[in-house]
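**Student:** Work out the full structure, taking the sequences as your base and the hints as a guide.
Number of protein chains: 2
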Amino acid sequence: MTTAVLEALFAELRFDADGLVPAIAQQHDTGEVLMLAWMNRESIKETLAGGRVVYWSRSRRALWRKGDTSGQIQHLKELRLDCDGDALLLLVDQVGVACHTGRRNCFYRAVRDGTLAVIADVEVPAEELYGKG
Amino acid sequence: MTTAVLEALFAELRFDADGLVPAIAQQHDTGEVLMLAWMNRESIKETLAGGRVVYWSRSRRALWRKGDTSGQIQHLKELRLDCDGDALLLLVDQVGVACHTGRRNCFYRAVRDGTLAVIADVEVPAEELYGKG
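Each protein sequence line maps, in turn, to chains L and B. Going by my numbering, the residue at position 52 of the first sequence is 91; the numbering climbs one at a time, nothing skipped. Going by my numbering, the residue at position 53 of the second sequence is 92; the numbering climbs one at a time, nothing skipped.
Hints are computed from structural coordinates only; laboratory data are not their basis. Where hints are given, some of them may not hold.
Because identical chains cannot be distinguished in the list, a pair is counted as satisfied if it fits within a single copy or across any two copies.
Here are the computed lysine to aspartate or glutamate pairs in the EDC-like style, where the Cα-Cα straight-line distance is at most 20 Å [said to hold, decoys possible]:
1) Lys84 with Glu117
2) Lys84 with Asp160
3) Lys84 with Glu51
4) Lys116 with Asp68
5) Lys116 with Glu162
6) Lys84 with Asp132
7) Lys116 with Glu71
8) Lys84 with Glu71
9) Lys116 with Asp152
10) Lys84 with Asp152
11) Lys84 with Glu167
**Tutor:** Right under this line is the structure:
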């Protein structure tokens with residue numbers, strides 16, 4: 040990762056007032072949309088340098104090295120940006136499950152038949168992801 | 040579309056300070072991520088009622104009935120929300136191209152080999168999408 044491409048990327052990105060852009064994580068081979076999270080300059084830099092996805096946690100106001108606690112890390116395959124530079128698409132290889140509920144992806148609720156339906160099962164129990172503490 | 044499911048959905052959604060949530064549009068059969076845009080309550084209501092995707096344009100500060108000008112409309116197949124209710128995933132059937140540049144999707148720039156590369160061609164010229172006016 041050279042400084043030049045980072046500078047080119049940052050020049051094209053339109054960060055919001057908090058210095059963030061939304062990032063979509065998509066499983067690179069199946070096309071499954073796993074989650075949406077947020078990145079700032081530092082998390083983008085660390086992600087491109089290390090090859091492992093790092094977000095910015097808006098609730099904790101800190102870098103969020105996904106998988107540090109749960110082990111469910113995301114290996115970066117490719118980082119793309121959109122036409123107006125205000126969104127990122129991360130093609131990743133997800134280890135285990137992406138969602139903190141233990142489901143493979145976070146979009147497990149859908150409007151179906153006039154109700155809000157749960158459409159995916161928990162694959163890994165939360166106590167397995169985060170311990171029993 | 041009943042009022043009950045809208046109320047259930049709105050109760051689960053965490054809109055930002057501007058009353059918006061980010062919405063990912065994904066081609067329902069191929070899994071291609073087409074674009075990311077924003078929705079407010081009114082655009083969600085109209086989308087679910089009409090079956091055609093309506094966003095909120097942050098630049099124009101108005102409902103954005105995608106395709107009104109270009110003809111490149113999105114038919115809604117399913118609306119999903121994520122675990123913490125701050126993002127939507129729209130499974131759609133995209134007519135033509137999603138991107139205003141005339142490319143199929145908006146994520147046509149990628150970090151590759153230390154540069155920012157254009158990885159998709161224009162499929163429909165802009166003057167065809169928006170007229171020559």
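**Student:** Determine for every hint whether it applies to the structure shown.
**Tutor:** We went through each hint and held it up to the structure:
1. Lys84 with Glu117: within (13 Å within a copy, 35 Å between copies)
2. Lys84 with Asp160: neither (34 Å within a copy, 28 Å between copies)
3. Lys84 with Glu51: The answer is within: 14 Å in one copy meets 20 Å, while 33 Å across copies does not.
4. Lys116 with Asp68: within (10 Å within a copy, 22 Å between copies)
5. Lys116 with Glu162: neither (24 Å within a copy, 26 Å between copies)
6. Lys84 with Asp132: within (19 Å within a copy, 35 Å between copies)
7. Lys116 with Glu71: Classified as both; 14 Å inside a copy, 16 Å across copies.
8. Lys84 with Glu71: neither (25 Å within a copy, 26 Å between copies)
9. Lys116 with Asp152: This pair counts as between: shortest inter-copy Cα distance 12 Å, intra-copy 37 Å.
10. Lys84 with Asp152: between (43 Å within a copy, 15 Å between copies)
11. Lys84 with Glu167: neither (30 Å within a copy, 38 Å between copies)
The earlier numbered hints that this structure contradicts are 2, 5, 8 and 11.
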